[in-house]
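Novice: Go by the hints and put chain V onto chain E.
Protein chains in written order, with the numbering used here: chain E, 1 to 114; chain V, 1001 to 1113.
Facing chain V, from chain E, some residues (calculated, C-beta under 8 angstroms):
(1) Ala41
(2) Phe89
(3) Ser100
(4) Arg101
(5) Leu102
(6) Phe104
(7) Glu106
No more than 25 angstroms apart at the CA atoms, straight line, and that leaves these computed lysine-lysine pairs for BS3-like:
(8) Lys1057(V) to Lys38(E)
(9) Lys1057(V) to Lys1083(V)
(10) Lys94(E) to Lys54(E)
(11) Lys38(E) to Lys94(E)
(12) Lys1078(V) to Lys1057(V)
(13) Lys1057(V) to Lys5(E)
(14) Lys5(E) to Lys54(E)
(15) Lys1057(V) to Lys94(E)
(16) Lys56(E) to Lys94(E)
Simulated from the structure, these hints should not be mistaken for lab results.
No residue lacks a Cβ here, since even glycine has one placed at the ideal position from N, Cα and C.
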Amino acid sequence: DQQVKQNSPSLSVQEGRISILNCDYTNSMFDYFLWYKKYPAEGPTFLISISSIKDKNEDGRFTVFLNKSAKHLSLHIVPSQPGDSAVYFCAAIKRETSGSRLTFGEGTQLTVNP
Amino acid sequence: EPEVTQTPSHQVTQMGQEVILRCVPISNHLYFYWYRQILGQKVEFLVSFYNNEISEKSEIFDDQFSVERPDGSNFTLKIRSTKLEDSAMYFCASSELGVGGYTFGSGTRLTVV
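Bound conformation, chain E alone (with noise of 0.2 angstroms):
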């Protein structure tokens, strides 16, 4: 099941920089996204979603941006602390019907060197 991909299984970037994980999907039926962020021996925690009448949503630091076109999204960090290491999966739903399932990425292990 290759319905969401995110190519890079790692990043490293020096504090204070941007990080700019990417996130790639085929199915042209999910209409909400999601990103995730997981620490070891913890369960995956919500950061951010956009819908797919978006094209950009934003949080604070957490940026999302999504090009339904490309059928790719990206999460843009800004500025990168070390307390954002962690292994952050893309995610992606089709809302039709409530309760439906999210379709994981595989996930990108992001490091923040200080």
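Specialist: What follows is chain V alone, placed relative to chain E:
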């Protein structure tokens, strides 16, 4: 902040044994889910549950699996006869509206030996 609680955090079981993984969702949430993550693989959807019945299930969720909400607070996943390939991290999640904003528990690491 409200959280989803899962017990136990780690369960070791022998192949062929039954296991029950327990979850306490957030109290005002109406939709409940189980996901799993096999080591090195994606987080995969297993099942969603609403209004005391399964609303969606994946191909993974075969007859070996069942879910139950035995009382007003617990949500359980039962695996009837565990296989080695059931070894994974199992995450419970809940949401208020069933669309986005899912809150995940910390997971139960199931090891089948």
